[in-house]
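As a plain string of letters, each chain reads:
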Amino acid sequence: MDTSQLLKGVLDLAVLAVLRKDDGYGYDVVRRLRAGGLDEVGDASVYGTLRRLYNAGMLTSYVVPSEEGPHRKYYSINETGRARLAESRETWRSFASTLDGLLEEVAA
Amino acid sequence: MNTQALGVEHYLAGMRAALDDLPANEVAEIMEDVEAHVAELTTELGEDETLERRLGSPEQYARELRQAAGYPPKTERLPVTTKQSWLSRPRAAAWGLVVATGVTLLAGAAALREPAVLLLPGVILVLSLALVHDRGPVQQEIMNLPETHRLKKWLTPEEGTPAERAITYLKSLQPAWWLVRAGLLGLGAVLLAGRDILGFLAIAAIAVVSVFAGPRAKVDRRWLWFSLPASALAVGLLFQVIDVTAGQLGYNASRSSYQPPIVESYENIYAYDENGKLLTNVLLYDQDGSPINAPRSYNGCNMPGNGPEPVIPANRYPRPQVDYENGVCYTVTPSVTAPSSTSSTPSSVPASSGSTTSSSVPPTSVSPSK
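Keeping their order, the protein sequence lines are chains A and B. All the letters of the first sequence, read from the start, carry residue numbers 1 to 108 under UniProt numbering. All the letters of the second sequence, read from the start, carry residue numbers 1 to 370 under UniProt numbering.
Okay, chain B solo, but in the shape it has when bound (with noise of 0.2 Å):
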């Protein structure tokens, strides 16, 4: 039994490795009909019999079996790939669809600033599929190709090794991808509803199209030219998504652990009634009350000849000014033109005080000239 198990694994073996030419799904349909079949042979087979006298060689089944079913036989293929120059048509379909997956990349990061530049790989894809277009679903030529044969090489990893394990495992989340490709369309199609309607539609319109796409990719080479580049788009907007997320968390977190300092560019306040007269003896305070003090501590200047000048709270404006030469303090009106609608142009002419008699009146106080 064990013998015939081996002989079972050698002769599929054999058989792939005679198909393995031919699209890999395919491949795989027709293996899981060739592995019913020999699994029910085996067990008609008598104690002399094996499946190789039953059915030929793989080689041979193979050839009979692709005669049958129109796959081209396998020894044309290098022939075909020799011979071709390295500029060919399916090469150039192939390198644009690879050139406009990648640039819908980086245009998926900018969709959602400029849907415009989506039109450029658009462009490119629908140039690279109308060189294809006409060779059919299965896409021979470009199967063919060199680079498509070690990128299919290095897609399928010998049987067992981890690489093949992680690949297999990632082929089978491909519907779920499928569903969150059409997510991230959707969610980017939303954010540019309000701003760009063209854009908007463009991008609902693929995202409705890529739940279809990805099934029918599978069969039909074609579609590869919209599933591929849906796939980048909806990374390019997931990209995009996570920028602008980061960028507004980044933000917000700076905003709270940093306080930014409360900038003094004043050094004195100076408040003007109506008729534009300066108004002293001003004190002010915030909504909860406290006072709003003078950026500058104020120390009370000595009156000549009046000893220290009683405190000044200091939210009273004007703030006096002091004199250092003469000890003097006195009230200095703005050297620019008081923002008022009078015509009057508050001088800075400084006046030495005389009346220090009240204490709650300030030392000085001028009124600009009329």
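Just chain A, with the same shape it has in the complex (with noise of 0.2 Å):
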């Protein structure tokens, strides 16, 4: 099954749960995903994502100077965002197990 389907959906939530701890820039965010497991993540969506979380007013950004190349612009989680985060989650783990459940009859 094509995974890339799957993420479109839970890239969200994924973004917001890869800053819940630590501020991140584009890249920096890409790659923490890649680390956790979501090797298929495309760089382009991932940025995406953080610019439609941004203008959804869930993350703010901050520019921190780089001395080699250009500067970096971190995104950081905020209220808004940790609130649909928690509840994203939930969402998350209901749908989950209900698709466990449904999984387990097909497999009996």
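Please note: incorrect hints may appear among the correct ones.
[Stated by the list, open to error] Reference listing, derived: stretches of chain A covered by chain B, where coverage requires no fewer than 3 residues with Cβ under 8 Å from a Cβ of chain B:
| no. | region |
| --- | --- |
| 1 | 25–39 |
| 2 | 44–52 |
| 3 | 68–79 |
[As the list claims (entries may be wrong)] DMTMM-like, lysine to aspartate or glutamate: derived pairs with alpha carbons at most 20 Å apart:
| no. | chain 1 | residue 1 | chain 2 | residue 2 |
| --- | --- | --- | --- | --- |
| 4 | A | Lys73 | B | Glu35 |
| 5 | A | Lys73 | B | Glu141 |
| 6 | B | Lys152 | B | Glu141 |
| 7 | B | Lys153 | B | Asp20 |
[As the list claims (entries may be wrong)] Sample of chain A residues at the chain B side, in silico, Cβ under 10 Å:
| no. | residue |
| --- | --- |
| 8 | Lys8 |
| 9 | Asn55 |
| 10 | Ala56 |
Simulated from the structure, these hints should not be mistaken for lab results. Since we're looking at a predicted model, the values are computed, not measured. Here a beta-carbon is modelled for each residue, glycine too, at the ideal position from N, C-alpha and C.
Both chains are sitting in their own frames, so use the hints and assemble them into the complex.
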């Protein structure tokens, strides 16, 4: 099954999750997602998701000057973002357990 | 390394082209992310790797990013603009904003005299904003109007040209302008304070809100409906203040350089006492003790049979008159009623003088008849 289709629906949740502890710039977030096991995540999708979450008011951003190359724009999660993360986590858990249940029945 | 740098520039240019229908500030934010991303990736690339192989073409990258960010796909733009009839809500709103800004500029130049004129652009603004307020902060429909595209193209000349540098420089002055604008509006409000309390409150409120409106308008275009007219109002007020100041300066300048002639509209001076009796031989002096001389030079008149009249001081009133026919000097009373409380009417009956014994006595003197 193509996981990229699955990923689309939950990329928000994944991005909020990796920003939960530490702020990060775009490529940083991409690396954390890949390190967490989402190998197929597209760079552009992550950058687009960051913009969408930012425009929705769940992230704030600040620029850190870099000695070599362009400045890095860090994103950090705010209270709205944390609330959304908590809410989405519940939704995901109940959805996953529902689907698990369905799959158990099929297997049985 | 050079070819790689070129590759980066090429890739970023492709990205910009693929995003150019989005709001400029949003594109700037995206490119900030992408530039850092591409720069970092470039350092990781191996000998035979290219950005394209790693990320896909700029167009693919942009498409994926737009999808994830929830921006409309690029192809959507053209059909939308061509399908629209010439009079649409976004167009009416956009032109309402333009017209209201223009009217505010004119009204601002008259606002100090008549603050109520600000109601006109105010109504236009509220109506035009009401048309599109529910379309969100990006106002994509207005940005898709052909006239908006033309304006945007005009405002974003090719990079490196003098026009582009000028616009970039002007953009960097924007925050300063927001402060200047608030200052001008505040000045306008203060100038109105004593005369029109409603106008004062309105302009003072605009001044305060304008400080926040500038930065807000960058992320939420709906604030343009406040920010643009506020700028126009500030400029209009500036014009008016300059006009008034220049008028005053011009007035002062003309007063200091131009001495108006002392208008001598009187021919003679008649002094009466409190009883309405005409005073004769009155000598007039000003505050410096200088004699207040009669406007017309006076040649002593010849008294019949007495030779030339001794010189009469030029500040002695009433002045005698000369009857040239007879060569006689006599005092003529004013032809109008004396401004005294008495009912006496000075007549203008001349009487020839016979008393010429004393040189200090004027040649003639006639009291107003009772």
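Broken hints, by number: Hint 5 contradicted; others consistent.
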